[in-house]
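Protein chains in written order, with my numbering: chain A, 258 to 599; chain B, 12 to 290; chain C, 642 to 950.
Because the hints were derived from the structure by calculation, they are not lab data. Heads up, the beta-carbon is just placed ideally off N, CA and C, and yes, glycines get one too. A couple of the hints might just be wrong.
What the hints assert, rightly or not - Which chain B residues stay away from chain A? Per the calculated CB distances, all over 10 Å, these:
1. 77
2. 79
3. 98
4. 114
5. 118
6. 123
7. 124
8. 127
9. 135
10. 171
11. 183
12. 201
13. 260
14. 281
15. 286
As the list claims (entries may be wrong) - Restricting the straight-line Cα-Cα distance to at most 20 Å, the calculated cross-link-like pairs of lysine to any residue (SDA-like) are:
16. 438/A to 719/C
17. 436/A to 829/C
18. 436/A to 711/C
19. 438/A to 818/C
20. 438/A to 869/C
21. 98/B to 86/B
22. 436/A to 738/C
23. 438/A to 732/C
24. 732/C to 711/C
25. 74/B to 496/A
26. 438/A to 891/C
27. 438/A to 711/C
28. 732/C to 496/A
29. 867/C to 444/A
30. 867/C to 370/A
31. 436/A to 801/C
32. 739/C to 502/A
33. 438/A to 868/C
34. 732/C to 444/A
35. 74/B to 50/B
36. 438/A to 939/C
37. 732/C to 463/A
38. 867/C to 565/A
39. 820/C to 939/C
40. 28/B to 80/B
Letter by letter, the chains look like this.
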Amino acid sequence: MNDAGDRTRAGLAYGGLAAALFAALAMALALGAVRLSPAEALAALFSGAGTEPSTAAVIVRLRFARACLAAAVGASLAASGAVFQGLFRNPLADPYVIGSSGGAAFGAVLAIAMGTGAGAMGFSRIGLAAFAGGLGSTLVVYLVAGATRLRSDASSLLLAGTALGSLFSALVSIVLALKDKDLHQAWFWLLGGFSGRGLPELAAAAPAMLAGFIAALASSRSLDLLSVGDEEATSLGMRPVLTRFVVGGFAALSVSAAVALSGAIGFVGLVSPHLARRLVGPRHVRLIPAAALSGAILLVVADTVARTVFAPVEMPVGAMTALIGAPFFIYKIARRGLEGTR
Amino acid sequence: MIPAPSLPEADPCLAPKPLIEARGLCAGYGERVVVGSSTFSAGAGKLLVVLGPNGCGKTTILKTCMGLIPALSGVALLGGNAVASMKPRARARVAAWVPQIAEAAWSYRARDIIAQGRYAIRGTFAPFDETDAMAIDDAIDAMDAGTLADRRFSSLSGGEARRVMIARALAQETPLLVLDEPAAHLDPGRQMELMELLSSLARSGKAVAVSVHDVNAARRFADLALLVGRDGSSVFGSPDEILTHENLENAYDTNFIHGDHATYGKFVLPVSRKQRKAD
Amino acid sequence: MKRTLTLVMALAAGLLAAAQASAAPATAQAGSPVSFKDERGATITLPAKAARIVSLSPELTEILYAAGAGDRVVGNTTYCNFPAAALAVTKVGGFSAKTISIEAIVALRPDLIVGSLSAHGQLANQFERAGLRFAALPSTDFDSVYSTLELVGRIAGDETTANAVVASMKARIAAIKTKTASVPADERPIVFWETWDEPLMSAGPNTFTGQIIEAAGGRNCFADSKADWPVVSFEAVLARNPDYIMAAGSHGEALTPERLARRTGWTSLRAVQANRVVFLDGDIVSRAGPRFVDAAELMARVLYPELFR
């Protein structure tokens with residue numbers, strides 16, 4: 258396929274994804290624990306301000322806020338997932354591969370165990386603790402990896418990330434054993450979800466997520482070069498170690514903000530890049546936006562399902578993404594083989 | 012090994028500035044010295060071949076000159092500047108590297124791989140323009156890779172992949188090309204084709220440094236030769252000076268028949284391995 | 642020689658008798674055996690009323706003290722905080738079975754361990770193997786709390802005291818029921834109990850909190866939930882528009898007016914608009930012990946201020 262055909266194909270793919278996102282958002286507004294007719298929903302969405310909003314209006318605005326949250330977090334995780342897969346040349350890398358989810362979980366569980374309290378900067382206290390934990394653990398991973406003398410800095414980062422992930426897992430278990438009365442709250446927070454979070458929280462997390470996304474796009478060419486290996490990439494004029502540090506750092510920032518918002522939701526960051534690669538090809542300048550769109554769609558749909566399947570009880574969103582993502586992944590492996598496997 | 016005579020270009024005023032140069036360069040990994048104290052250089056328009064038995068350090072010395080491996084001692088220079096003090100992008104403006112094996116982690120097309128060569132010139136952010144497109148197309152034509160350009164890089168055969176990588180190096184538009192055993196696993200005809208291509212590139216003004224296995228091809232096409240021995244020692248000079256009976260037999264630990272053909276020129280044919288002298 | 646032998650034997654006999662005497666229970670009860678069936682249906686027989694008891698749950702600790710067996714409690718959990726005397730007792734673990742230390746219990750040489758079937762039933766085998774007596778005592782609803790109180794009075798505490806406590810509790814609950822009888826079912830105030838905010842979690846009808854809401858004359862906002870601690874969507878809360886939002890005092894900071902104002906859409910709730918946000922002591926509202934009546938009364942007073950003066 259030549260360049261022009263390529264561009265058409267990509268254009269179609271983007272168009273399709275945008276349409277799918279629009280459809281998902283519309284569904285998210287229409288469906289929920291409370292039955293609303295489409296007419297009611299539409300009218301409520303565009304009802305004027307000032308007058309006392311009807312119940313329907315409040316519900317629709319709530320759903321809108323939630324859909325925005327889900328789309329933002331989904332896009333953020335998917336873009337970061339694509340970045341980490343590129344940085345480590347590993348099709349199984351996900352946004353949490355250098356340890357941010359473990360630290361975020363520890364921060365959140367610690368905050369829950371210490372009881373409710375006021376937050377800051379728009380984040381709830383738990384969110385803030387999760388954000389700090391996520392960033393902190395990424396920092397530790399970098400320090401540990403830098404201190405080792407492995408030849409490949411990619412391997413040392415991955416190993417340090419895995420080790421720290423296990424460490425934080427253990428710490429979380431310890432905190433939950435000591436304060437096991439808070440098990441329910443902690444467990445549900447860890448499973449991930451958007452309950453209790455709204456637009457103010459999104460506004461607080463948005464700068465970090467946006468910064469991460471822009472950095473990801475800006476690093477498209479570097480990620481393309483990294484795909485042939487560190488040595489060749491160096492011979493072509495780039496600096497793999499520095500790139501991994503800077504780009505990975507921005508991606509970790511974005512992931513930490515997303516986790517602070519909604520807990521560590523799995524599969525979105527792993528599966529979306531693969532889906533996007535099928536649609537628009539491996540070049541990162543196209544891959545990253547396509548992955549972001551796919552992630553947004555996936556998470557909005559998962560959240561809608563989580564809210565409606567056993568209404569009024571909400572299922573954890575992380576369980577929904579696994580239910581959707583895992584079969585897709587298995588299907589893909591069985592049928593074609595993963596990108597990157599020979 | 013018989014020490015080499017002085018370099019052919021004795022007059023510094025006439026000699027072109029060397030693009031790749033080593034002065035007493037010791038190459039190796041960590042504690043292990045692979046090649047000890049070698050000195051050589053090649054300037055524009057010269058084809059330098061690096062010869063020696065397997066494992067003697069041909070790849071190591073070339074990677075050290077490229078700055079991909081730190082030197083143990085001595086100096087490596089690219090375009091007259093010490094490699095150790097050059098940033099990767101500056102090095103990539105002088106020298107283009109063609110490795111022996113290349114794998115892309117994702118399903119890039121050959122054209123995308125060739126386009127990677129433009130990074131050194133454009134950097135991370137600057138968008139590509141017509142000059143880049145032209146350079147890429149020229150490189151594809153030069154390597155006769157038109158039919159390969161839109162195929163998946165991972166689906167290419169070894170020889171096809173190597174053509175693509177050389178095209179990438181050409182797209183990089185550097186004065187120096189460094190290739191690591193590009194003729195490995197190629198059919199004899201294709202080997203000759205490749206050596207002719209490298210020779211013509213040298214004629215057109217580039218400096219080319221290439222490690223080869225085939226002594227005969229080296230002698231036919233090379234302007235300069237670096238022969239690396241099993242013990243890490245090396246000799247450098249013109250092919251006639253360096254590729255003597257004694258040097259070759261010692262380096263390769265092999266008995267050769269030495270011949271001279273009217274059309275082909277001087278050649279060697281391996282007969283048998285030398286008996287190892289008891290130490 | 643013969644005299645020495647007699648002396649030694651007399652000494653030995655004396656020591657033996659003394660040892661036997663000290664092994665006899667210190668209580669003044671006549672050593673009549675006590676037998677009962679626990680929640681698993683197992684029959685448990687004690688040689689006399691239990692004298693050294695380990696309690697594995699805060700509610701059973703409160704029940705033990707209320708039934709007059711408080712001075713016999715030799716071990717309890719870190720969550721057993723009422724009455725004050727319970728704080729000083731040796732701790733053997735936390736809330737869930739995994740955190741209980743069998744060793745610590747063995748060291749206390751109890752003659753009876755009491756716990757709940759759902760939480761501690763899995764430990765029964767381990768207790769048996771360690772030669773310890775375990776009884777699963779029910780406390781899942783009001784009736785089971787009454788029956789457990791009476792049982793504990795019989796097997797460990799003072800029967801008269803225990804029965805009196807039960808009678809008083811039943812009377813107080815009945816009083817609430819009488820006073821609220823005139824209010825028709827669909828006019829009873831709807832109470833939304835917020836267990837947690839992130840995620841939004843409420844209490845199902847089978848939890849003790851849910852039962853207290855009903856006993857106080859209110860309607861649980863999520864009385865139709867099948868889960869005990871359901872994560873609910875705010876939409877459902879909005880649709881049901883509760884009259885009161887209630888929570889444990891420890892969760893108070895999440896429900897300040899400022900925080901409520903920041904929650905999208907919550908200002909539409911009539912409970913928020915009328916500032917009917919009420920905090921109750923978390924221990925008495927969720928604990929299936931003698932104090933649940935206090936919680937029911939407190940809640941009834943909030944829900945029906947005119948009826949309860």
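Okay, the hints, checked on the actual structure:
A beta-carbon of chain A comes within 10 Å of the beta-carbon of residue 77/B; the shortest separation is about 6 Å. Separation of residue 79/B from chain A is inadequate, the least Cβ-Cβ distance of about 5 Å not exceeding the 10 Å criterion. For residue 98/B, the requirement that its beta carbon stay farther than 10 Å from each beta carbon of chain A is not met, with the minimum near 8 Å. Once the 10 Å rule is applied to beta carbons, residue 114/B is inconsistent with being away from chain A; the minimum gap is 7 Å.
With a least beta-carbon separation of about 5 Å from chain A, residue 118/B fails to lie farther than 10 Å from that chain, contradicting its non-interface assignment. A Cβ of chain A approaches the Cβ of residue 123/B within 10 Å, the least distance being about 6 Å, so the stated non-interface status is violated. Once the 10 Å rule is applied to beta carbons, residue 124/B is inconsistent with being away from chain A; the minimum gap is 7 Å. Some Cβ of chain A comes within 10 Å of the Cβ of residue 127/B; the nearest lies about 6 Å off, and the non-interface call is violated.
Listed as a non-interface residue, residue 135/B fails to keep its Cβ farther than 10 Å from every Cβ of chain A; the least gap is roughly 5 Å. Every CB of chain A lies more than 10 Å from the CB of residue 171/B, the least distance being 16 Å, so the non-interface label holds. In this structure residue 183/B is not separated from chain A by more than 10 Å, as the shortest Cβ-Cβ distance comes to only about 7 Å. In this structure residue 201/B is separated from chain A by more than 10 Å, as the shortest Cβ-Cβ distance comes to about 23 Å.
Separation of residue 260/B from chain A is adequate, the least Cβ-Cβ distance of about 34 Å exceeding the 10 Å criterion. The claim that residue 281/B is not at the interface with chain A holds, since no C-beta of that chain comes within 10 Å of its own (minimum 32 Å). Under the 10 Å C-beta cut-off, the non-interface status given to residue 286/B relative to chain A holds; the minimum distance is some 39 Å. Only pairs whose Cα atoms come within 20 Å are accepted, and residue 438/A paired with residue 719/C is accepted, the gap being roughly 11 Å.
A distance of roughly 36 Å separates the Cα atoms of residue 436/A and residue 829/C; the hinted pair therefore is violated under the 20 Å criterion. Between residue 436/A and residue 711/C the alpha-carbon distance is near 26 Å, which puts this suggested pair outside the 20 Å criterion. About 32 Å separates the Cα atoms of residue 438/A and residue 818/C, which puts this hinted pair outside 20 Å; it is violated. This hinted pair checks out: residue 438/A and residue 869/C have alpha carbons roughly 14 Å apart, not beyond 20 Å.
The suggested pairing of residue 98/B with residue 86/B holds, with an alpha-carbon distance near 16 Å, which does not exceed 20 Å. Our distance criterion of 20 Å between C-alpha atoms is met by residue 436/A and residue 738/C, whose separation comes to about 13 Å. Distance hint between residue 438/A and residue 732/C is fulfilled; the C-alpha atoms sit about 16 Å from each other, no more than 20 Å. Distance hint between residue 732/C and residue 711/C is fulfilled; the C-alpha atoms sit about 15 Å from each other, no more than 20 Å.
Note on residue 74/B and residue 496/A: the hinted pairing holds, with a Cα-Cα distance of about 16 Å set against a maximum of 20 Å. In summary, the hint linking residue 438/A to residue 891/C is supported, as the alpha carbons are separated by about 13 Å, within the 20 Å threshold. For a cut-off of 20 Å, the pair hint linking residue 438/A to residue 711/C is broken: about 24 Å separates their Cα positions. Restraint check for residue 732/C and residue 496/A: not satisfied, since their Cα atoms lie roughly 58 Å apart, outside the 20 Å limit.
Pair hint residue 867/C plus residue 444/A holds up; C-alpha atoms about 19 Å apart against a cutoff of 20 Å. Of the supplied pair hints, the one linking residue 867/C and residue 370/A is violated, its CA atoms being roughly 26 Å apart against a limit of 20 Å. Of the pairs offered as hints, the one joining residue 436/A and residue 801/C is violated, with about 37 Å between alpha carbons and a cut-off of 20 Å exceeded. Only pairs whose Cα atoms come within 20 Å are accepted, and residue 739/C paired with residue 502/A is rejected, the gap being roughly 42 Å.
Note on residue 438/A and residue 868/C: the hinted pairing holds, with a Cα-Cα distance of about 17 Å set against a maximum of 20 Å. A threshold of 20 Å between alpha carbons decides the hint, and for residue 732/C with residue 444/A the separation of about 26 Å lies outside it, so the pair is violated. Between residue 74/B and residue 50/B, the direct Cα distance comes to roughly 15 Å. Compliance with the 20 Å bound is thereby established for this hinted pair. Between residue 438/A and residue 939/C, the direct Cα distance comes to roughly 24 Å. Violation of the 20 Å bound is thereby established for this hinted pair.
Distance check on the hinted pair: residue 732/C and residue 463/A sit about 47 Å apart at the alpha-carbon level, beyond 20 Å; violated. A threshold of 20 Å between alpha carbons decides the hint, and for residue 867/C with residue 565/A the separation of about 15 Å falls inside it, so the pair holds. Proposed proximity of residue 820/C and residue 939/C is supported: the alpha carbons are some 14 Å apart, at most 20 Å. Between residue 28/B and residue 80/B, the direct Cα distance comes to roughly 24 Å. Violation of the 20 Å bound is thereby established for this hinted pair.
In this structure, the earlier hints numbered 1, 2, 3, 4, 5, 6, 7, 8, 9, 11, 17, 18, 19, 27, 28, 30, 31, 32, 34, 36, 37 and 40 are contradicted, and the remaining ones agree with it.
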